[in-house]
Amino acid sequence: MGNVTDPEVMIGVPGYERPLADSEKEARESVLKIAVNRLNFLYGARQVLFDVSLEIMEGKITALIGPSGCGKSTFLRTLNRMHETVRGTRAEGEVLLDGQNIFDMDVVNLRRRVGMVFQKSNPFPKSIFENVAYGLKVNGMTRRAQVAEVVEKSLRRAALWDEVKDHLHKSAYALSGGQQQRLCIARALAIDPEVLLLDEPCSALDPIATAKIEELLFALMGSCTIVIVTHNMQQAARVADQTGFFLLGKLIEFNKTDIIFKNPAQKETEDYITGRFG
Amino acid sequence: MNPRLGWRKFVNVLMLTLTGLCALLSVSVLLIVLGYLGWNGWQYLTWTFLTHLPAPVGETGGGMANAIVGSGKLLLIAALTGIPTGLLGGIYLAEFGGKTFTFLVRYTADLLNGVPSIVMGIFAYTLVVLPMRHFSAWAGGLALGVMLIPIVLRSTEDFLRAVPMPLREGALALGASKWKAIATVVIPASIRAIATGALLGLARVAGETAPLLFTSFNNQFWSHGLNQPTASLPVMIYVYAIAPYADWHRQAWAAGFILLMLVLIANIGARLILSRKSLAPRG
Numbered sequence: 063m064g065n066v067t068d069p070e071v072m073i074g075v076p077g078y079e080r081p082l083a084d085s086e087k088e089a090r091e092s093v094l095k096i097a098v099n100r101l102n103f104l105y106g107a108r109q110v111l112f113d114v115s116l117e118i119m120e121g122k123i124t125a126l127i128g129p130s131g132c133g134k135s136t137f138l139r140t141l142n143r144m145h146e147t148v149r150g151t152r153a154e155g156e157v158l159l160d161g162q163n164i165f166d167m168d169v170v171n172l173r174r175r176v177g178m179v180f181q182k183s184n185p186f187p188k189s190i191f192e193n194v195a196y197g198l199k200v201n202g203m204t205r206r207a208q209v210a211e212v213v214e215k216s217l218r219r220a221a222l223w224d225e226v227k228d229h230l231h232k233s234a235y236a237l238s239g240g241q242q243q244r245l246c247i248a249r250a251l252a253i254d255p256e257v258l259l260l261d262e263p264c265s266a267l268d269p270i271a272t273a274k275i276e277e278l279l280f281a282l283m284g285s286c287t288i289v290i291v292t293h294n295m296q297q298a299a300r301v302a303d304q305t306g307f308f309l310l311g312k313l314i315e316f317n318k319t320d321i322i323f324k325n326p327a328q329k330e331t332e333d334y335i336t337g338r339f340g
Numbered sequence: 017m018n019p020r021l022g023w024r025k026f027v028n029v030l031m032l033t034l035t036g037l038c039a040l041l042s043v044s045v046l047l048i049v050l051g052y053l054g055w056n057g058w059q060y061l062t063w064t065f066l067t068h069l070p071a072p073v074g075e076t077g078g079g080m081a082n083a084i085v086g087s088g089k090l091l092l093i094a095a096l097t098g099i100p101t102g103l104l105g106g107i108y109l110a111e112f113g114g115k116t117f118t119f120l121v122r123y124t125a126d127l128l129n130g131v132p133s134i135v136m137g138i139f140a141y142t143l144v145v146l147p148m149r150h151f152s153a154w155a156g157g158l159a160l161g162v163m164l165i166p167i168v169l170r171s172t173e174d175f176l177r178a179v180p181m182p183l184r185e186g187a188l189a190l191g192a193s194k195w196k197a198i199a200t201v202v203i204p205a206s207i208r209a210i211a212t213g214a215l216l217g218l219a220r221v222a223g224e225t226a227p228l229l230f231t232s233f234n235n236q237f238w239s240h241g242l243n244q245p246t247a248s249l250p251v252m253i254y255v256y257a258i259a260p261y262a263d264w265h266r267q268a269w270a271a272g273f274i275l276l277m278l279v280l281i282a283n284i285g286a287r288l289i290l291s292r293k294s295l296a297p298r299g
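Protein chains in written order, with our numbering: chain P, 63 to 340; chain C, 17 to 299.
If you are wondering where the hints come from, they were derived from the structure by calculation, not from laboratory data.
We put the beta carbon where it would ideally sit given N, CA and C, even for glycine.
You may find that some hints are simply not true.
What the hints assert, rightly or not - Just some of the chain P residues that point at chain C, by a computed CB distance under 8 angstroms: (1) Gly177; (2) Lys182; (3) Gly197; (4) Val200; (5) Ala250.
When you get a sec, could you build the whole thing from the sequences and use the hints?
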């Protein structure tokens, strides 16, 4: 009698499922969260995004890289319609969140589901506690005990709780730059967004603070879909499942991170990641 | 020495002296006015002045208690009408306004700021005094309130615009509606500066005489409620200063001193509010 678990032998046996190859496993586990179809973006008459299409998977980390001015931040800001705060901008095309076009959704509802962390930390001029509680209060949570519980949970998720638990009522501006950025992440996590957009969250931070944020992103993997714009290619290589490379408003290449970095299909991608320009 | 170099040095010294002299002149005029007013006013300021009604013509003594209270009433009406209007208008300009309308309002406000204050008096006279057929604190307070609107409007707008954009975006990204973001983040971030602007505006209109001459008029006695002609410090100073009695001149000095103190206190208060440890972002 051979090994009963040998796939060759077991094929055809009722109830048996063939173990999946890695690529198949990934395909099965991946659920589409955001589908962008032919997105064009204009500032007045100047077009900054051209026909961008890509698919973002649920619970994964997607990194967007590219040189300054390539449109990656603009693309990110379109995903929760934050571009609408700037006059004279226009986005054309489709962005489907769970199959629903975000441009048809109520913008307040959309932003409750798709949170954002900005390049420069922007805590409110309030206490640490109030910063994290802000989103809860705006969304109608009023029971103090419940608010306090979620604030603690969010600060723990952002790996900041131990550092601030003894002075929750101090001004958020008393924190260091890295702590402020983690506070902003905690603030965004408090309303439990399905998607978290991060726009170069580490660009103003030192390597230690950056490492803390990257650890935090790993910890969030699975529970939250993450899209991160970064200038730092090593960061993309370290944290992301999928990576997209933008150049001059076009999405040049989008694929699994190790393929982008080890075996890119496009010459521009290769030139950029090998440091020939950028 | 090179003659050109000599000329340049001469021009340099000349201009330095000229600008310095003019700076000294402007400061000394201010100091002389303040010093003279302070010296005379302080001298004639008595407890009776603060607590008694004006004495009948021909008698010496008496005070301006009614004018102090009257000025308070006028400023209260001005604050209650002018500050909310200017505040909400400023919020609109800074946060909501479209291009053309905003430009129009801002331009009008600047123009209104430059309108001679007596025109405000005529405005309130036509709008309030004529229909009511008598002078009142309402009319005077309203005239001051209208003057206050453009001051508060413009300062509120400027201070709101100074609030960094990322703060608004932070609030919006958490699912706050635009008004919610303004009310809970933008305004609290600038409320002290806005309050200071309003306080300084109030101090400015407190010294206005022209708009009150034919709106709140004057009163030698207590005015009850807000429907009677009402005494105020600036108008009292005007009436007493042009009277032929030495005792009235002394009282006018004292009234001027009180007014000066009022403005000074408002200024110092505003500075204290502003200089309290700010919550502004670091770096």
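Check: Of the numbered hints stated previously, which ones are contradicted by the structure, given in increasing order?
Finding: Every hint satisfied by this model.
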